[in-house]
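Q: As a plain string of letters, each chain reads:
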Amino acid sequence: MTVRVKLIGPLMYETGFSEKDVEVPAATTVEALLDLVSVPRQRPKIVTRNGRAVAPEEPLADGDKIAVSPIYSGG
Amino acid sequence: MYGWTGNILRINLTTGAVKKETYTEEFAQKWVGGRGFAIKILYDELAPGIDPLGPDNKFVVAVGPIAGIPAPNTGKTVVAAKSPLTGGYADGNLGTRITEHLRRCGYDVLIVEGRAAAPSYIVLEDDKVSILPAGEVWGQGTYVTHDWLYQKYGRAAGVLSIGQAGETMSAYAVVRSLEGRAGGRPGMGAVMGSKNLKAIVAKGTKPIPQADPQAMKALGAGDLKKVGDMDKKSGWSRQSTNGVLAWCNEVAALPVRNMRRSHHPDAWKVDGERLNNARVATYGCPNCTMRCGITIHDREGRESELDYENIGMLGPNLEIFDLDQVGSLNYMCDDFGFDTISAGGTLAFYADAIDRGHTTGDFKFGDAERAKELLRLAARREGVGDLIAQGSLRMARLYGHGSESYSMQAKGLEVAAYNCKFCPGMALAFGTAPIGGTHKEAWVITYELNQTRRESYGPEKAAKVIELQRIRGGLFEFLTACRFPWVELGWGLENYPIYFNKITGLDWTLDDFWRTSDRIYALIKLFWLREMPDITRRFDDPPGAWFDPANADTEGPIAGKILERDKYDSLLQHFYDMRQWDRRGIPTRTLIGTLGLEAEAAGAEKYGRLE
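Keeping their order, the protein sequence lines are chains A and B. Using my numbering, the letters of the first sequence map in sequence onto residues 1080 to 1154. Using my numbering, the letters of the second sequence map in sequence onto residues 560 to 1170.
What the hints contain is simulated information worked out from the structure, not anything from laboratory work. Just to be clear, a hint being listed does not mean it is correct.
As a list, the in silico DSS-like pairs of lysine-lysine whose alpha-carbon atoms are at most 30 Å apart [stated by the list, open to error]:
no.	chain 1	residue 1	chain 2	residue 2
1	A	K1124	B	K1120
2	B	K762	A	K1124
3	B	K791	A	K1144
4	B	K792	A	K1144
5	A	K1124	B	K784
6	A	K1099	B	K762
7	B	K791	A	K1099
8	B	K1120	A	K1144
9	B	K762	B	K776
10	B	K776	A	K1124
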């Protein structure tokens, strides 16, 4: 299946891309996807699936959009 | 007394009288500085009901005990007065060299009273105070004004000035400093303008009194470097505050089309990545090693310094997705001296009202060139610009047809760039912010969306709003330091009592700061009570459109969702209970006793009821 990954803020400079489609096996979890695209597990971050907060162990579905952001705290 | 100069400079522009006054150690420890000094002085000295744009209003410039001393990030100054936009207490902070120079002239507070007979500016040079003619730059923008003053006093001088919007007393005219710094959203620039005061310049050479200056010098310099290193490691300032735009778009919290929509497929065109790519220069405040002022060339080729709030409100909220055009609108606001948030909110309201047939006009969402023309008209108070210069709430009251519900403001101040139609906690933060719809007091939205259930109206959100108000609207506003090292890089709050104690020689903890913060918030509410004796809890509501089911998104992550009024009311009650405020949102007698505000409360009771 195909999921879209969007990296927000400085994460894009660390991983080398800002947004791309990724092919993953069915039922891949959020955590496994982030490992695949080299987002460090220890980095504090907010992950959303189709705009809603998501747990690392949650399985993905075809067409999902996963956005990964640093934990912004205010402008 | 260390840390505080103990001095207030009072200048009356009607009479030309200049008076150096002292304040006591008790006053210093009770109100600390910045916002604390400002609310106490304005509460004591302004009679309720005075005209904010008349000579009886007072313009206060105030700093805190760590301000201007090298440490993270101590370049901030608070400007305060009664607001011509909201009619209540108002203030704002900005990064400026005034911070250090005011203190090096020997003062922590400047109070400007009365009204000059002709355009003037004030110059402090150590003990010398001059009131000089400003006719040569009256009618000029802030950039020309700053250059004019730099030629006379050098670029190292501290300068605050207003542009044409302040001169013509726009209700949301700000005070400006340095390249892109602005403060005092609810019309502090208009109060300067009402006094015929174009600018304030300070050049001081005196030492700032400190209990342990050698230890502080080493500590402050080392910590500034550490913060700079933390920023480099995290990469925060690559996109600075505008990194959050893409996140707001993902989670449906972006202001789009007067906040009718909460996300937009073109938002990427004005996001942090695009801003960083367009960067031509970077600016920051004094005593800062994480400079956030990303500057681009605008459509006219001028340098425009942008942050998220500017972009959110002048870009997506107007459905303008050309970054250079957003830059142009931002540059014009900075030069005229308009607040960018209220300018964006007010222009969006105007387009929305035309759309709905509640007024007539030729401005449409997405029309950047017409938006520029409207800003010019507003700065000159010509035609429809005269109304636009007064903010969305006054426009709505004139237009009628229920348009007040979509004037996106709280207490009359336009809400900042977070669309909270389905963010109850952040809506509470806007509703209860003591000066109106500012995001600066309690930026609770990432906590809310990441660590709680978004749809919850539970006490955990009220508790978090209060926690953040104590830190952001309290500690950082009375110490007058920037919150970014803490909020964006995780620089520990425990550092601030260390700085404070080294500078003052006292032995305070964070708990002492929280008590000061609660005292300040309580006194601001008493200021409002004197102005509005019939105040109700509805005064702490966010914009009405966030409760309107017809305004819910029709697609995306929050399709069909909207705030629920009954539940918001219960969240507000949690907030009041935790703050020990009554059902109207007024501090209770019990709290007043705890905070030592009996004398102030006795004054308030002449006007309004306490429970």
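Q: Hint by hint, say whether it matches the structure.
A: Taking the hints in turn, this is what the structure says about them:
1. A/K1124 - B/K1120: At roughly 25 Å apart (the allowed maximum being 30 Å), B/K1120 and A/K1124 satisfy the hint.
2. B/K762 - A/K1124: With a Cα-Cα distance of about 44 Å, the restraint between B/K762 and A/K1124 is violated, given a limit of 30 Å.
3. B/K791 - A/K1144: holds, 29 Å
4. B/K792 - A/K1144: At roughly 27 Å apart (the allowed maximum being 30 Å), A/K1144 and B/K792 satisfy the hint.
5. A/K1124 - B/K784: holds, 25 Å
6. A/K1099 - B/K762: Outside the cut-off at roughly 53 Å; violated.
7. B/K791 - A/K1099: holds, 26 Å
8. B/K1120 - A/K1144: The hint holds at about 20 Å.
9. B/K762 - B/K776: Holds - the C-alpha atoms of B/K776 and B/K762 are around 21 Å apart, at most 30 Å.
10. B/K776 - A/K1124: Distance ~35 Å between B/K776 and A/K1124 Cα, so the pair is violated.
Comparing the model with each earlier hint shows violations of hints 2, 6 and 10; every other hint is respected.
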